[in-house]
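4 protein chains.
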Amino acid sequence: MQKLKVSIIGSTGYAGKELVKILMNHQKVELVHLVSSSYAGKNIAEIFPEFLNKLDKKLINLDLELVAQNSDLVFTALPHTISMDVVPEFLKKGVKVVDLSADYRIKDPAVYQEWYKKELNQISKGLLPEAVYGLPEIYLDKIKDALLVANPGCYPTSVILGITPLLKYHFVEPEGIIIDSKSGTSGAGKKLSLGLHFTECNENFKAYKVVRHNHIPEVEQELSFIYFGGNDNKYQETGIKVSFTPHLIPINRGILSTCYLSLKGSKKEEEVLEIYQKYYQEAPFVRIFEPPNLPEVKFVAGTNYCDIGFSIDERVGKIKVISVIDNLLKGAAGQAVQNMNIMSGFSETCGLV
Amino acid sequence: MQKLKVSIIGSTGYAGKELVKILMNHQKVELVHLVSSSYAGKNIAEIFPEFLNKLDKKLINLDLELVAQNSDLVFTALPHTISMDVVPEFLKKGVKVVDLSADYRIKDPAVYQEWYKKELNQISKGLLPEAVYGLPEIYLDKIKDALLVANPGCYPTSVILGITPLLKYHFVEPEGIIIDSKSGTSGAGKKLSLGLHFTECNENFKAYKVVRHNHIPEVEQELSFIYFGGNDNKYQETGIKVSFTPHLIPINRGILSTCYLSLKGSKKEEEVLEIYQKYYQEAPFVRIFEPPNLPEVKFVAGTNYCDIGFSIDERVGKIKVISVIDNLLKGAAGQAVQNMNIMSGFSETCGLV
Amino acid sequence: MQKLKVSIIGSTGYAGKELVKILMNHQKVELVHLVSSSYAGKNIAEIFPEFLNKLDKKLINLDLELVAQNSDLVFTALPHTISMDVVPEFLKKGVKVVDLSADYRIKDPAVYQEWYKKELNQISKGLLPEAVYGLPEIYLDKIKDALLVANPGCYPTSVILGITPLLKYHFVEPEGIIIDSKSGTSGAGKKLSLGLHFTECNENFKAYKVVRHNHIPEVEQELSFIYFGGNDNKYQETGIKVSFTPHLIPINRGILSTCYLSLKGSKKEEEVLEIYQKYYQEAPFVRIFEPPNLPEVKFVAGTNYCDIGFSIDERVGKIKVISVIDNLLKGAAGQAVQNMNIMSGFSETCGLV
Amino acid sequence: MQKLKVSIIGSTGYAGKELVKILMNHQKVELVHLVSSSYAGKNIAEIFPEFLNKLDKKLINLDLELVAQNSDLVFTALPHTISMDVVPEFLKKGVKVVDLSADYRIKDPAVYQEWYKKELNQISKGLLPEAVYGLPEIYLDKIKDALLVANPGCYPTSVILGITPLLKYHFVEPEGIIIDSKSGTSGAGKKLSLGLHFTECNENFKAYKVVRHNHIPEVEQELSFIYFGGNDNKYQETGIKVSFTPHLIPINRGILSTCYLSLKGSKKEEEVLEIYQKYYQEAPFVRIFEPPNLPEVKFVAGTNYCDIGFSIDERVGKIKVISVIDNLLKGAAGQAVQNMNIMSGFSETCGLV
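Chains as they are written, first to last, in this note's numbering: chain A, 52 to 404; chain B, 52 to 404; chain C, 52 to 404; chain D, 52 to 404.
It is possible that part of the hints are untrue.
Note that identical chains are pooled: a pair holds if it fits in a single copy or bridges any two copies.
The list that follows gives simulated cross-link-like pairs (lysine-lysine, BS3-like), each with its CA atoms no further than 25 Å apart [as the list claims (entries may be wrong)]:
| # | residue 1 | residue 2 |
| --- | --- | --- |
| 1 | 241 | 260 |
| 2 | 260 | 318 |
| 3 | 260 | 319 |
| 4 | 93 | 260 |
| 5 | 108 | 93 |
| 6 | 329 | 318 |
Don't read these hints as lab results, they were simulated from the structure.
Using the sequences and the hints given, assemble the complete structure.
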């Protein structure tokens, strides 16, 4: 069987490294080019000794012609606002793209500009209608035919998967949603900063970007689509608004989101459990916990699972949902490969379990 | 000057140990008896080598007569539902008590029984009217004359101090309050359990007791008093109800509570800052952060401070308050000594800075 | 192809759980019985939610007849001095055994008794001559034909692999060997103790069992065989003696051993590198680092590799060897499966990369 | 009483910050100037919110005239090879100096140059004879009269204190000393590097600078003085040489050094204990542990103590010494204040307990 030829643009960041780890063992993939502007010229095992004796491959600078020519699909793991300069080039040359940046996640370019402080370029705006938000548990069919998948953010993945059934079945009010998320440090990437220096971060816990974290528009867009239906960009005025607070946990990997929603009328645990199980019955990477069991970060660290539990707080008419993922896998590289599998007609779980 | 003679009942738990550390250096205190049922007969420096060359004192079993006779004031750092058997004995013998358990915090014995699953004994019920909830920033005057102070819980301290000004000045709605708290592991005490085994707890993050953590009634009682005024126990039916979720952070010390409240009308940052600064102007251990600065756990670890910051989320009409304390100090032993200072006419900060 | 039928005795300890994780995905293995005296009757996914949707298997009490009847090979992951009561029963019934305890590692029963404070039972003494010390990099051929493999200890694996080439080629003196080892907490197992309570262990570092850690005789036996040749038990009087100190690192997984040896005459880095590369040229799980590169714990965590680096300290005529492994994999479960692969004629790396 | 006027040059590094914390509460000290080239112009509480409400002081650029004029003593917490440009200026103006760099620790300028890769400037060479190595447990009398104290390195403090009695009383051979040290991350300072990025450092353990860590000459100089007597710089050719390996522990604070020495003849535990107790009988910050007790990092974290324990390994004729300190206190700022106390005629422990 012909293998899918795959390259990675940005292969030495935390998400990129995970992509390499998954894809080097993926039976249906031939890993062709590893692009890294920081370490071009070196062997990947020089940068990450973990790969010694396992992967012998030189990192290269981005040569669009070369990479496009040799690849059926590329993963672009570049910073937001940078990706948009590269992605269209690959698509033009007939190469499918799974983009891990935020550049193609937001349907309304004005919203993108408002939150990311840069205008999406013209060609990328034109790509938005065909770009598919890569959450397979919701957009499976669209992903199958997609040429460009916008891989979701880590926090949004945990939140959207966590509460979609409640919104879909209108079990909860669309107003007043509170999302309190906590992430391990790898979510902040490899860029050095005093706040991520070991001595500063260790034995600490803090909230950050409490007002306007740029994962908010993505969460609100998708929750609005789910609750109100449709897929247009009307959600801005009339859509769901969430109060979102991210926090930094002194651990390497994992996100736990605690979501607080107001139940419409009184609901029994079994009813809630039922809609969750129903909604995710075909989803191989979502596991629903029966109350009073709740997921913990360590259950999913190193895996592509999203584990979800909930608890009804009758005293106040709220439901709390706890959703956990590995931010680098289901929150980035794992989900990206899951999307690639679907786009390529492979089993959804191939290389991921 | 005659020193205050002080003994500690339960001096080898985490809070007890902190009490010893503070009191051994307190200029106005003579540390008389250290009671520990677990380690009676041993020198405290055998149990905690940190005390070598610093404190040479034998741990004893609880001998009420002896301890009462030699003490002006005792700290009872015993488990909930156990303290009630000891506290009245000391009071009867004219010894003042700062009780670190929950037994005298809840004004309504029925509520206590509902949440702690044990009936308060008769004599303790009789003590409730005179027991003072030991949050000096709110009950300073009452504490001055108190014979029995019920030292607040760790989570309640962070939460109540964090949002009291907003409720006091009716800047926020009393409904729909969400409190998402995170604590270091020392808050769970020294009792061994698999969940607190290093290998299980490290690199993990989880919510626990999501439905009915027994710090809830204490928080609701005090917030109701603040918002509705008065100090009776009517609050149960008509009072404030909060949605509270505690989480476990893999660090030793510190609590961060993220509180979400609905603003009544639109408020400016300066207005909010003003009521906080006004409310706490005389409080030596509360520090208010000006937006956009926010407190972090490490700013207060090892201190008796409660650091508070906030952020107005105009998009959703909410205010988020971040409140941090050291759970063993402002959340337990430090606050207990602060109470002792006030009860004894010492400077409030003596031994604590 | 007929799969190898395998059962695990002791499947809910840390090593046992790793065995389950590896074997459930091993293409040539059918995982038959999971024995756990602690959790018999429960499904393994109830104990470890990580297995949800992945492995649906009930834990059972040890039923020797049943397990033996259905298994070609068993892994016994039982405590030292307990294993000896079980292993001979399986062998008697024709079931091969990979034993993860120390019971069959020491060739001289008197030495075993001295260090483990219990006499090896008679039948087990009789098994010693045929028991093979399961370090495949040294005993590959013997393991191929073994019915009983004594899987090495975690510290010994790191140490023996780390310095064997130096001793084999007589590059170093056999006297005065110093081994300073550091291990993550999972090496101490799941048994609760205050020293492994998160709050006690976190932000701490300590040496333990500094005088007589029971991994010493195993290290000395094997190093003596390597240096002096042969495989008898004369080594006790005349053999190599090491000074060994284990320390506890507040991390979950990994061992780093720093070994100090006296060079015989002056040696160049290239000469040392050459003997290491030569000795391990056929070993798929040993990676030699060229100076000045040195291995770190994170390079091997989660893998079956042993990474080895060295540095010649000319000023004092010493060579320092740094050897790292994952204590639960190459130091326990991974190596056990490696042994199973060899005993069964599978590829040595099957299921392990 | 007139307070000692003290300034700190380099007050926002980790050691500098500890100096501020100690000195702001020191009863006999007036903290005058806080110099910080990185944060000049800001209030220290802006940089470290821990100081809010406690210390209100502006950080300034180094103005030698100004600082010298207002200070009786300065602490120079500057990088190696930088300090030498500043220290002589203060001395010239009659200001005493406690220098935390390595610039005045090494008696032989050639050795300094060899290890620090820079020549000591001429004026500093001239200061070497009067510079006192600031280990009060050894050089108490000299420190009393010193104008310039070279505050010891963190590793050397743990090592020299740990084994001095053994060398002093010739209980051990001066050859073949092995020192395996482990340090928390604050020892590496605040300078950002990928190796100290939380995600890289957490759950890892590694050796570093295994060949030529620049604390070696300092250790060898002092151990040679102790063993051979005298205080000249002949030790280079004939003196003690140690094999030293530092490792990085993923904790914030603390050093544990494991030292291996060869006993001269057989020694009993009591004999060894006796010389340790005798040697340190007047030392308020050294605590000797009786076997089999051993110190742990957490016993000294946050204190100025050096805790020392030992174990005789009769099987191999070695003694192992375990010595622990807080690298920022006894290993830096605490010891510096201890030196200041002695130089100023204060109680040695003032401000430090």
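Each hint, compared with the structure:
For the identical chains of this complex, residue 241 and residue 260 are neighbours both inside a copy (18 Å) and across copies (23 Å), given an alpha-carbon limit of 25 Å. Only between protomers do residue 260 and residue 318 lie at most 25 Å apart by alpha-carbon distance; the minimum there is 20 Å, versus 34 Å within a single protomer. Within a single copy, residue 260 and residue 319 get their C-alpha atoms only as close as 36 Å, which misses the 25 Å cut-off; across copies the closest is 19 Å, which meets it. Taking the closest pair of Cα atoms, residue 93 and residue 260 come within 25 Å of each other only across two copies (23 Å); inside a single copy the shortest separation is 36 Å, beyond that limit.
Within a single copy, residue 108 and residue 93 get their C-alpha atoms as close as 9 Å, which meets the 25 Å cut-off; across copies the closest is 46 Å, which misses it. For a Cα distance limit of 25 Å, the shortest separation of residue 329 from residue 318 inside one copy, 16 Å, qualifies, whereas the shortest one across copies, 43 Å, does not.
In terms of the numbered hints stated before, the structure departs from none.
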